[in-house]
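Heads up: the protein sequence lines correspond to chains A and B, in order.
Offset between the first sequence (1-based) and this note's numbering: plus 41.
Offset between the second sequence (1-based) and this note's numbering: plus 64.
The set of hints was computed from the structure by calculation and includes no laboratory data.
Please read these numbers as outputs of a predicted model, since none were measured by experiment.
For every residue, glycine included, the Cβ atom is placed at its ideal position computed from N, Cα and C.
Careful, some of the hints might be misleading.
Claimed, not checked - Cβ pair distances, simulated, as ranges:
#	chain 1	residue 1	chain 2	residue 2	range
1	B	Glu95	A	Asp121	21 to 29 angstroms
2	A	Gly106	B	Thr75	33 to 41 angstroms
3	B	Gly112	A	Pro58	26 to 34 angstroms
4	A	Arg48	B	Thr77	17 to 25 angstroms
What the hints assert, rightly or not - Short, incomplete list of chain B residues facing chain A, as computed with Cβ under 8 angstroms:
#	residue
5	Thr75
6	Arg87
7	Pro110
8	Asp147
Claimed, not checked - Derived list of chain B stretches under chain A, where covered just means 3 residues or more per stretch with a C-beta under 8 angstroms from a C-beta of chain A:
#	stretch
9	65 to 73
10	96 to 108
11	136 to 146
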Amino acid sequence: MRLGIVRGTVVLNHAVPSLRGVRLVILEPVTAERLASGNPGGGKCLIAADQLGPGVGQMVGFAEGRTAASPWYPNDIPVDAYCCLIVENFDYSPPAKPARVNGKKTKKVRS
Amino acid sequence: MYLARIDGTLTSTIKHETLHGFRFLIAQRLEGDGSDSGEPQVLVDPIGASVGSIVMVTTDNDAVRKASAKTTPVRLVVMGIVDSVYMGAA
């Protein structure tokens, strides 16, 4: 599960039968740097199926891949992201300094 | 399975019905050299890992499916808290 910020919703006019009645939200995934800076977001936007109804701006946890279709088990549904939970509160405190391994500074991952 | 560092905790009231009763953690996946890899992830934690510890994570949702229901949408589960890691000299 990754974290994402709800940026909007999508409504389909014509849809495959298995997607009828499924609410879709647009999510902006949260990167480590932006989460630490207190302004979460920064990833590439994606669409997730949703049954919880989060509002725009709320943070959610979303599952990706085949697991995202599990809530409809044993039926098959063509979704690859699913909004699992609405974040109420979080505490995020990554280590301040990059970890040192064998005396060498590890490279910083840029997103 | 891979190693991750616990960077935080998370609470949620409104969530999928199969997720009630689980503890959630915000974690950072680690590379072999200990550096960060990718974006933060949310883990299900049945064993009680604390912030700052290194844990082993499985990507098989069978652990949650057996504890909860087959319709559960999560698959990242803390399998154990790491005591030590040994990697041979390069």
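Hints versus structure:
1. Evaluation of the 21 to 29 angstroms hint for Glu95 (chain B) and Asp121 (chain A) yields a pass: the beta carbon distance comes to about 26 angstroms.
2. For Gly106 (chain A) and Thr75 (chain B), the hinted distance range of 33 to 41 angstroms is not satisfied, since their beta carbons lie about 25 angstroms from each other.
3. Between Gly112 (chain B) and Pro58 (chain A) the beta carbon distance is about 44 angstroms. The supplied range of 26 to 34 angstroms is therefore violated.
4. The beta-carbon spacing between Arg48 (chain A) and Thr77 (chain B), approximately 22 angstroms, falls within the hinted interval of 17 to 25 angstroms.
5. Against a cut-off of 8 angstroms between C-beta atoms, the interface hint on Thr75 (chain B) holds, since the closest Cβ of chain A lies about 5 angstroms away.
6. Hint status for Arg87 (chain B): violated, given a least beta-carbon distance of 12 angstroms to chain A, over 8 angstroms.
7. Look at Pro110 (chain B): its Cβ only gets to about 15 angstroms from chain A, farther than 8 angstroms, so that hint breaks.
8. Taking 8 angstroms as the C-beta contact cut-off toward chain A, the hint placing Asp147 (chain B) at the interface is violated, the least distance being around 18 angstroms.
9. Counting residues of the stretch 65 to 73 of chain B whose C-beta lies closer than 8 angstroms to any C-beta of chain A gives 4; at least three are required, and the coverage claim holds.
10. Counting residues of the stretch 96 to 108 of chain B whose CB lies closer than 8 angstroms to any CB of chain A gives 11, so the stated coverage by that chain holds, three being the minimum.
11. Note: the stretch 136 to 146 of chain B has 5 residues with beta-carbon separation from chain A under 8 angstroms; the three-residue rule is met and the coverage holds.
In summary, the numbered hints that this structure violates are 2, 3, 6, 7 and 8.
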